[in-house]
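For reference, the chains in residue letters:
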Amino acid sequence: MQSADPPVAVRGLSRRYGGRWVLRDVSLSVAPGEVMLLVGHNGAGKTTLLRVLAGLVRPTRGEVVRCAPPGVVAHHSMLYDALTARENLAFFARLHGVADRGRVPHLLDRLGLAAVADQRIATFSRGMLQRLAIARALLDDPALLLLDEPLNGLDEAATDIVLNVLEERRVRGGAVVVASHQFAELVALATRIGYLVAGRLAALEPLATRNAGQILERYRALARAG
Amino acid sequence: MPGSRTVAIAWAVAAKDLAIEWRTKTALLASLVFAVLVLAILFFARDATAVPTLDVAPGALWVTFSFAAMLGLNRAFLLERENHALDGIRLTPASPTALFLGKMLGNLVFVGVVELVSLPLFVLFYDVAIWQGLPVLLLVMALATVGFVAVGTLLSAMVVRTRFSEVMLPVLLLPFLLPPVVSAVQLTWRILAARPLAELSGWLSMLAAFDVIFVVLSVLLFEAILIE
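Going line by line, the protein sequences match chains G and W.
Sequence positions in the first sequence follow the numbering used here and run -3 to 222.
Sequence positions in the second sequence follow the numbering used here and run 6 to 233.
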């Protein structure tokens, strides 16, 4: 996680689904220790951009340079309902080649799931699943975390746990790209903000304000400018 | 030869699939019920005084095995569609070869269990003497199963993102099933008729050749199928 190379960089990235361009000419680079907040309305291209950055979707045009597989938290948990929380993490840890046997219990504990570690996740609430998905994404201590609406379904206590985990990673030099349209809690962590408007990265700039209202105003102004 | 990491990942994938199947028993129960039904229907559909057992039994056995297996193969990648778990797997550095071998191993165990449970029922229904030829029959079952499970696993991965995957898999798989299943039917007939072993060697070699071709091609094509 200490590498000075950007964990991910993209240039001229476009993605089309059918006849519709979902992303158009997006270029960005994420530096180690950076938390980049991507904001945009539904359908602005946030999820597609994260999927392309993750390597789950190939760009129609453009170039993606990735140092290593990122940790990803998406709308779906990417976990198996019939397995317990511990079994799910142990399975993905094996696929990641994680040798440290203490990693799974550590993450379960860190994300506040130790008490339910041996329950099948089919019984989990949305918030518990989301925390487990975050634990899965952190298994191999990735240099880059890609998070799509990571605070969805979390109560106040769980939100604090997740924000602390993200802050810890930033301090240790990990890069985070987080997409959200409910970003009030995330602005405290962010170092840069990208405004996605109809598939275009309308602006990518250092965070000038931590006021969610002002960020929303800025987004609206960029959307109006087209 | 696959490296130790490939083997470890393949084993992890197969163990995970089997653990899920053991807990849910969805596909296993469906396949076993289907196998019993097919064996019973084919048994009662024939006139035992007009059609000798030996003429129908091998076909009945392999129709039962292959269609019951198809139910399980369909389930193989539907598991990965749940909560988009396949994306989680694709985000790991696990090699496509290891993933394919793991899915295939899980399917082999599943289909093997269905076959081993169906075989005594087949003996019961058709009253055929298999004990003398049992080792060779088990070898034929193993060889034929490896062939169609390899292609079935590949095609299951291919159709899982389509809207009608349950329908698409049989449509695509049936043409590939023909060579191993025809060979297996021919071999089973000869085993049940207690024909000399020398008569089996040609068909056995053909079955082994299908296995090599199907497994190698499936491993090679799996990576392309994994990428969206």
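Don't take each hint at face value.
To list a few chain W residues with every Cβ distance to chain G over 10 Å, as calculated [stated by the list, open to error]: (1) A13; (2) A17; (3) I25; (4) L84; (5) L96; (6) A134; (7) I135; (8) V151; (9) F169; (10) S210; (11) A213; (12) L225.
Listed next, with one range per pair, are the computed distances between beta-carbon atoms [what the hints assert, rightly or not]: (13) W:V172 x G:G14: 41 to 51 Å; (14) W:G207 x G:R116: 29 to 39 Å; (15) G:H37 x W:R86: 27 to 37 Å; (16) G:D96 x W:L225: 48 to 58 Å; (17) W:E171 x G:N207: 49 to 59 Å; (18) W:L121 x G:H102: 39 to 49 Å.
Please keep in mind that the hints were generated in silico from the structure rather than gathered at the bench.
Nothing here was measured: the structure is a model prediction, and the numbers come from that model.
Note that beta-carbon positions come from the ideal geometry of N, C-alpha and C, so glycine has one too.
Right, here's what the structure says about each hint:
1. A13: Incorrect as stated: the minimum Cβ-Cβ distance to chain G is 7 Å, not above 10 Å.
2. A17: Given a closest Cβ separation of 4 Å, the condition is violated.
3. I25: violated (4 Å)
4. L84: Incorrect as stated: the minimum Cβ-Cβ distance to chain G is 7 Å, not above 10 Å.
5. L96: violated (5 Å)
6. A134: At roughly 41 Å from the nearest Cβ of chain G, W:A134 sits farther out than 10 Å, so the non-interface label holds.
7. I135: holds (36 Å)
8. V151: holds (24 Å)
9. F169: holds (19 Å)
10. S210: Fine: 37 Å to the nearest Cβ keeps W:S210 off the interface.
11. A213: Non-interface label stands for W:A213: nearest chain G Cβ at 32 Å, farther than 10 Å.
12. L225: holds (20 Å)
13. W:V172 x G:G14: 41 to 51 Å: The hint (41 to 51 Å, Cβ to Cβ) is violated, given that W:V172 and G:G14 are roughly 23 Å apart.
14. W:G207 x G:R116: 29 to 39 Å: Given about 50 Å between the Cβ atoms, the range is violated.
15. G:H37 x W:R86: 27 to 37 Å: Because 28 Å falls inside the window, the suggested range holds.
16. G:D96 x W:L225: 48 to 58 Å: This hint is violated: roughly 34 Å between Cβ atoms.
17. W:E171 x G:N207: 49 to 59 Å: Given about 52 Å between the Cβ atoms, the range holds.
18. W:L121 x G:H102: 39 to 49 Å: 42 Å Cβ-Cβ, so the 39 to 49 Å window holds.
Consistency with the previously given hints fails for numbers 1, 2, 3, 4, 5, 13, 14 and 16, ordered from lowest to highest.
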